[in-house]
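Trainee: Taken in sequence, the protein lines are chains A and B. Under the working numbering, residues 2 to 316 are what the first sequence spells out, in order. Under the working numbering, residues 16 to 355 are what the second sequence spells out, in order.
It is worth saying that the hints were derived from the structure and are not from the lab. Please note that a few of the clues may not be correct.
As the list claims (entries may be wrong) - Stretches of chain A that chain B covers, calculated by requiring three or more beta carbons in the stretch to come under 8 Å of a beta carbon on chain B:
no., stretch
1, 43 to 51
2, 98 to 108
3, 143 to 150
4, 215 to 226
5, 235 to 244
6, 278 to 286
7, 296 to 304
Quick caveat: nothing in here was measured; it's all calculated off a predicted structure. Cβ atoms here follow ideal geometry from the backbone N, Cα and C, with glycine treated the same way.
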Amino acid sequence: MAQARTERKLTSTTTAPRRAGGGRQLSDNRIVLLFILPTMLLLIVMNIFPLIYSLYLSFTNYSVISTDAPVWVGVENYTRILSDPDFWHNFAVTGRYTLLSVGLQTVVGFSLAMLLRTKFTGSGILTTIILIPMMLSPIVVAVFWKLIFNPSYGIFNYLIGFTNINTAPEWLGEPQLALWAIVIVDVWMWSPFVMLLCLAGLSAIPEYLYEAAAIDRASGWFQFRRITLPQVMPLLLIAILFRTIEAFKQFDLVQGLTFGGPGDVTETVSVQLYRLAFQGQFNTGESSALAYIVLVVIIAISNIFILALNRVRES
Amino acid sequence: MTAVPSNPNAVPTPGAPNVNVNFSTRVDKVSRGARWTRNVRAVIIIIIALIMLIPTVWMAMTAFKSRPDAVAVPPKVFFEPSLEGFVSLLTNRRQLTATEIAEYQARTDLAWADQIALVRGQTIIGPSDFPRQLLNSLIIAGVSTIFSVGFGVLAAYAFSRFPVPGKDDLLFFILSQRMLPPVVVTIPIFLMYRQVGLYDTHFGMILLYTAFNLSFSVWLLKGFIDEIPREYEEAAMVDGYTRLQAFRKIVLPQATTGIAATTVFTLIFSWNEYAFALMLTSDVARTAPPSIPLVLGTGGIEWAAIAAGSLAFLIPVVIVTFLLRKHLLRGVTFGAIRKG
Numbered sequence: 002m003a004q005a006r007t008e009r010k011l012t013s014t015t016t017a018p019r020r021a022g023g024g025r026q027l028s029d030n031r032i033v034l035l036f037i038l039p040t041m042l043l044l045i046v047m048n049i050f051p052l053i054y055s056l057y058l059s060f061t062n063y064s065v066i067s068t069d070a071p072v073w074v075g076v077e078n079y080t081r082i083l084s085d086p087d088f089w090h091n092f093a094v095t096g097r098y099t100l101l102s103v104g105l106q107t108v109v110g111f112s113l114a115m116l117l118r119t120k121f122t123g124s125g126i127l128t129t130i131i132l133i134p135m136m137l138s139p140i141v142v143a144v145f146w147k148l149i150f151n152p153s154y155g156i157f158n159y160l161i162g163f164t165n166i167n168t169a170p171e172w173l174g175e176p177q178l179a180l181w182a183i184v185i186v187d188v189w190m191w192s193p194f195v196m197l198l199c200l201a202g203l204s205a206i207p208e209y210l211y212e213a214a215a216i217d218r219a220s221g222w223f224q225f226r227r228i229t230l231p232q233v234m235p236l237l238l239i240a241i242l243f244r245t246i247e248a249f250k251q252f253d254l255v256q257g258l259t260f261g262g263p264g265d266v267t268e269t270v271s272v273q274l275y276r277l278a279f280q281g282q283f284n285t286g287e288s289s290a291l292a293y294i295v296l297v298v299i300i301a302i303s304n305i306f307i308l309a310l311n312r313v314r315e316s
Numbered sequence: 016m017t018a019v020p021s022n023p024n025a026v027p028t029p030g031a032p033n034v035n036v037n038f039s040t041r042v043d044k045v046s047r048g049a050r051w052t053r054n055v056r057a058v059i060i061i062i063i064a065l066i067m068l069i070p071t072v073w074m075a076m077t078a079f080k081s082r083p084d085a086v087a088v089p090p091k092v093f094f095e096p097s098l099e100g101f102v103s104l105l106t107n108r109r110q111l112t113a114t115e116i117a118e119y120q121a122r123t124d125l126a127w128a129d130q131i132a133l134v135r136g137q138t139i140i141g142p143s144d145f146p147r148q149l150l151n152s153l154i155i156a157g158v159s160t161i162f163s164v165g166f167g168v169l170a171a172y173a174f175s176r177f178p179v180p181g182k183d184d185l186l187f188f189i190l191s192q193r194m195l196p197p198v199v200v201t202i203p204i205f206l207m208y209r210q211v212g213l214y215d216t217h218f219g220m221i222l223l224y225t226a227f228n229l230s231f232s233v234w235l236l237k238g239f240i241d242e243i244p245r246e247y248e249e250a251a252m253v254d255g256y257t258r259l260q261a262f263r264k265i266v267l268p269q270a271t272t273g274i275a276a277t278t279v280f281t282l283i284f285s286w287n288e289y290a291f292a293l294m295l296t297s298d299v300a301r302t303a304p305p306s307i308p309l310v311l312g313t314g315g316i317e318w319a320a321i322a323a324g325s326l327a328f329l330i331p332v333v334i335v336t337f338l339l340r341k342h343l344l345r346g347v348t349f350g351a352i353r354k355g
């Protein structure tokens, strides 16, 4: 590959003379190839091939549990999914969930960062303590929050003031509350992530901007709006986009907390996809089609992410 | 508050004073008002940190509760610690008959675990699946980490130092698979694995986690290697090192911190992973995450046992979080953001 380009690079950046006929010595081109090969092979086998395979399956009526060979059905799977109200319901649930949890995480995370901005004795340790939830396994988190949300022996209701178990809300069982319960757990887990990125942004703001503002007798609010917010914005944006993608594909928390219930009020696209592919009828063909629709949406979101990332890198 | 001269990483603004200007005038002039706000802030932060700790601490407490205490109404904050949860988690037990109970109670040679089981009228008949699942988690996470960091460091070096054709697209592609919902990736992999007999095998899971984490390790490591000046290797190569020797003796030692941080992050990812394990394993290679929600006892959910399992599972992660705190930012953003 890239023989010419590598060569040019080599002669322009290195001063090392190339040893003539250097026996067992590998050329740089070979090294590049050798170093990248394992990664590329794994990606082809574990990513590109499966994606092509599932693209094919999405046009068939194949089911994992049937012995029949896949039969080509054209775009039938896609039209069925897109005309199915359940699909739109699940997309709406996912959208609402993403909006709520990312919105709250942004507010909570940014506020935490503002509070932790100036260092004090012990602030480092406190920051790490606040960061713990995001490192934990989501499914384990979901399991112990299930205990915490329990209407009779969970502590959540007690902590927020419902001490009478007969009138206390059943967070995971009531249709109006179940999605909020998942949002609460997600906010608990991931606000620290937003906080971490905002802290990075805040600490990079040059002090002289505030000095200048102070000389001009600018109000605190003005300083916040005109200095702090614009300076943190790039990193905050990255945090939001990371969280949006993650929230969009939310699976573990929903599985652990509600299994999509009660009814289907918390059934996100990922959970629906799992059910379609691995439970009941094992509709492999149809679920592959749904997977591809999700894929397109995620690629759209992640393109925004890459654009924002590049913009931050440039500045 | 303290008069740190402008952060060295700060982006210089056009027309701004030189970065090295020293604003030392503010050092000793922290007003009483400012000190007061700082104390208020500290108190608020401490309260928030404590509130955020409640769920984790509650889980840890539940792990040491007896079965009735775990589901007491109202919830018990003070309780007599018991290892019942751990015993239920790690063993399979059999219910004893009334006469057997009397017989067992008369015995004096019972081990502590047996005594705890006896409180509930049970006897231990063997280890549960959980230790094996924990071991599976360890093997799969460990081996896949070695491979993904190993391959990752090679690819990262190549991407960092050489103009690989289509580099940006490749790097983006490598990253993009990380953004897909696991279920999307799993459907074809499930079929593939079933064909070649990798379903529910350690090797299958290791292969999948290696591929999955490779994207992360390539990105993170590339960031770390980018920071090592090229001049080091070039100087070494002038001194007669080959490219490979320079890589091994100059770049790798310089990248140790980065490699260590990447290793730990990769370990945590595989250790915590749930969706792939749920869909691609059933018994032989089943890891702990899909099993913890299913720790069921005789009659109802054994919260103490579930909490004990969660605790055993989370403790390593909490410890590692403290060790990694300097690199957390980098790790959770794929190396996109390097310094705070």
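Trainee: Does each hint hold? Answer for all of them.
Mentor: Consistency of the hints with the structure:
1. With 7 residues carrying a beta carbon less than 8 Å from a beta carbon of chain B, the stretch 43 to 51 of chain A meets the three-residue requirement, and the given coverage holds.
2. Counting residues of the stretch 98 to 108 of chain A whose beta carbon lies closer than 8 Å to any beta carbon of chain B gives 0, which falls below the threshold of three, so the coverage claim is violated.
3. Residues of the stretch 143 to 150 of chain A with a Cβ under 8 Å from some Cβ of chain B number 6, which satisfies the need for three, so the listed coverage holds.
4. Note: the stretch 215 to 226 of chain A has 0 residues with beta-carbon separation from chain B under 8 Å; the three-residue rule is not met and the coverage is violated.
5. Note: the stretch 235 to 244 of chain A has 3 residues with beta-carbon separation from chain B under 8 Å; the three-residue rule is met and the coverage holds.
6. Given as covered by chain B, the stretch 278 to 286 of chain A passes the check, having 3 residues with a CB less than 8 Å from a CB of that chain where 3 are the minimum.
7. Only residues whose beta carbon comes within less than 8 Å of a beta carbon in chain B count, and the stretch 296 to 304 of chain A has 5; three or more means the coverage holds.
Checked against the numbered hints given earlier, the structure breaks hints 2, 4 and satisfies all the rest.
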